[in-house]
Each structure stands twice: as C-alpha cells, then as structure tokens.
Amino acid sequence: MITQNFPNPPSRPGRSPLFRLVSKALNSSDRGYKLQANADYSGSRRNFLRSAAALTAAYATPILASVKKESPRIAIVGAGIAGLNAAYVLRQAGYQATVYEASQRIGGRIRTSHGDIAPGLITELGGEFIDSTHLDMLALAKAFGLPLLDTEMENERNLKTMFFFNKRCYSEEQVIAEFRPLAIKIASDAARLSSNITARAHSSIDAEFDAISLSEYLHRIGASGWILDLINVAYVTEYGLDASELSCINLLSMIDVTVKDGFKIFGESDQRFKIQGGNNRITHELAQRIGQDIQFGHRLVSVRPNGKGFRLTFTTQGKTISADPDWVVLTLPFTLLRDVEMGDMLPPIKRSAVRTLGYGTNAKLVIGIDKRIWREQGYSGECYSDEAFQTGWDASRLQAGSIGAYTCYLGGKPGIEIGAGTTEERTQELSRALDQVFPGFAGNLSNTSLRIHWPSEPFSLGAYSCFRPGQWTQFNGEIGHRIGNLLFAGEHCSTEFQGYMNGAAETGRAAAEAIIDTLR
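Its first residue numbered 1, the sequence shown is counted upward by one per residue in full-length UniProt numbering.
Because the hints were derived from the structure by calculation, they are not lab data. Any given hint could turn out to be false.
[As the list claims (entries may be wrong)] Calculated cross-link-like contacts (lysine-lysine; reagent style BS3-like; alpha-carbon spacing at most 25 Å):
hint, residue 1, residue 2
1, 350, 167
2, 167, 413
3, 350, 308
4, 68, 371
5, 160, 308
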C-alpha cells in the first residue's frame, strides 16, 4: 500500500485509461503500426534513477544556518508549491526570500481536506495525483520522509475502469475495437507534426493543426457515437475546457512517430501516487523550512521597474504598501496576473499569453458514502461517462476504514454549472447519475459532501492552464521565459508538466536555481 522507493519509469503510455488503451488499439491493428512505450528501457531507467537521486539529494541538503552577508532582496509572489519551493531552494543556498501571498493560507491549488467526509479520511480538493515521471514531487516526498500511496499495488491491479455511455457499460475490449480506426488516423496525423512544437520552432503543418479545435478534428476523422462522447469527456475533464476550445494538438501530441522506432505515446500520466496523509504535507514541510518569511494577505497590485530592481505594490488590511526587491519571482496564475499593472515590462508574446492563455473550468464534488460499493462490484471507482458527473474516482482509495469518498470531476461547461445551487442539491443530482453506474450508490450516502469550484475561487479563477486553438504555436516555450531579474514559475510555465503539481514544483526550483547561478 505504501512505498518510499522510486518507481520504475512508466512503461505504459497514456494520460488516462482511455489513452493507455491507444497502444493496444495500434498494436492490434492490421496496418503494421507498432507502438513502443519505451524503446530503451534499461537506459531510460538508469537516467531516470540518476535524475531522481540527484533531485532527492539536492532537496535533502540542509538549510544554511545563516543568510549570506551580501544576499540580494528577493520577492516571491504566491505561496503555492511553486513559490514555496523557490523560496526553499534559495534558502538552502543561503539566500533569503520574502514570499507574498494574497490569501491567508499556503498551498495555492493544493488543498487537502482532513476528516471532513469522515474521521481520519483524507480527500484532495485540488491537485491530487503524482505520476511516476514527476521527479520533483517524488524527490520532495522522499527528502521529507513522506510515504506514498501507490495505486499499482498488487491488490489494486485487477480492479476495472468503468466506461458508461448510453446507459450501458463498455469493456476495455470494446473501447479498443471502437477506437482502433480512429487511433490509426490520429497516429498518421501525429507523424506529420514536429517533434517539439514551440512558438519559436514550428512548421506550417504544426500551425495548421494547431488552428483546428479538438471537436472539429474529431469530426474530420469520423469519430461518432459513444466513442466520440468518450474522447470528449476524457479531454474536457483532462484539460478543463470544452472540446471546441481546445487545440487538437492536445490530442495529437500524445503520439510521437519516428521511422526507426514506430509509434511512441508520450504524456505518460499514470496518476499512480498520492502523499499518505495528504498532499498538503509537502507544502507544510516547505513552509516550515522557510520559516517566518511568508507575508499573508498581500495582494499584488503592480510591478514596476525601479533602478536595477523593481517596485512591487500590494494591498493589505486596507492599506497600500510597497517593496523594492532586486529579484522577483511571479508564480501567480495568469488569470490573476491579468489584473496586475505591469506597464510595458512584458514583451508582446508574454502580454498576449497573460491576457488569453486558456484555463480549465474544472470543479470537484466529493461525495461521502457509507461503503465503497464500486470495489464490491470489481471496479476501482475510476469512471468515464456521458452522465452529469463526467468522470469520477475513489478518493478514499488505499485508506483504512469502510466509509468511502467519491470524487466527481467536471470540466468545460459542466465544470461551470456545478457551482450553481447548493452542495446538497448537486450531490443529490450526481448521486442519482452514479447510481446507474454503481447500483446502490444513492442509497448509501453518508450525508456529507464537499464542493470546490476552481473557476470562482478568488485566488485562482481557474483550475490549471491549457492551450486553446492556436496557442501551442503562439505560446509554448515562451510562458516561463525570464525577463532580466523578473522570473516566472507555476504549472503554466512548465513545458513538460503543464497543469500538474510537478510543473509548479519544477519551475519554482528552476527559477531559484537561475537566481543562484546568476549570483555565483
């Protein structure tokens, strides 16, 4: 159930159960396509473990007892995991940074509920899953001695994923058979794309596909019926916007093709781990090591040049105050940075990204239930459906006790709509839908549920970033670029782990390392 060792690098591909089935669909086709999830596993594992060990050693380095005498003034805006990790890495190197946070809590979009559903039961209202490739998160957990819950334990592997459409269940075999002709077309189109699509390096074909929405692309390749509904649900909840608002490259980028190796599917999101006791244990560990350098209730109003440094203006307790740091790390999501006055400090591409970058409208409804009936029926709880809840999973998985917690995860228009009415009203609505999928669900409610509506949360105004049509070739690779002593961090700045906790932790570390390298 619990592990503290680093896992193998993932050998099975896909961002979700649906896309892990793509490999089977391609390999079982009669067109001669071959998918290889890991062409050089032994070399990959060595590199993976080498990187993991290096990060763990770095994060475990003791904080220096005193700050360097000539330490510059460093301001970090945002006390989510990006800002906290940046401050921690700087503190390890002997540099003190002040973290400014608009709310009265740390963690940002990592928010853990302790015992609200049932005594001792942990549920995640924000960032939840840690993948096998999320080295920064895994290294932080190991450095701080935090054990992991592992969904790949032997007794979990035989539990099935539910695909429920048109009032009936579909098996993996049926999904593969229905998806196979679409997978071949998707793979053929993916082969035409550049291997690394960025704003500075992309082809005309890349731009052509980038301009096509996911919904239009699926129509072009002939997707229809329940398999179309399944793909839509998987992607709308994965990225948080309706298919008409997503670039089709979000789908095509899953598959990479080389002449030598055939098809490889990347985006290896196995959603394997959580932190035992809650993901907020990592942010609390970081905050404890930073000490008293977090200023709560400070909302950033403006950033201006000030000599060789900056003038930051905040509102706090009804007053306006300023700070004059030499270095600034901005970790605010662009949904909030849009309201910060920055004049002409940002280049045009960055200004456009701040103004228009897509953000998912995901929301969660966590429903308490007296017993975990899905397990009795042979299912893990993970479900994709055209019913009102869209997707869901067992939030109590691998936790002791019989009382369960089931997370309904919604995106796109349903993600917006779940915020209307009372939590009880939405619980009754979605429980009726879930009762069709897992008979007995509605009759076993524990009368406790939690709702988090990220689109209306005042300190986020969205779940996480995603690329709308045209934004891969417009913004990818540019969002996190530093501007002199002004640096950016957060999941939106990560090119490899956009939308994940690891993307935030990774870019926070990278921003701190950039400052340290410059000062040495």
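*Hinted pair residue 167 and residue 413, Cα distance within 25 Å*: Between residue 167 and residue 413 the Cα gap is close to 21 Å, so the pair holds against 25 Å.
Does residue 308 lie within 25 Å of residue 350 when you go C-alpha to C-alpha?
21 Å, holds
Between residue 350 and residue 167, does the CA-CA distance stay at or below 25 Å? Answer violated: residue 350 to residue 167 is near 46 Å, above 25 Å.
Hint consistency between residue 68 and residue 371 [alpha-carbon to alpha-carbon, up to 25 Å]: Distance of about 55 Å is beyond 25 Å: violated.
Going straight from one Cα to the other, do residue 160 and residue 308 come out at no more than 25 Å?
This hinted pair is violated, its Cα atoms lying about 58 Å apart.
The structure does not agree with the numbered hints 1, 4, 5 stated previously, though it agrees with the rest.
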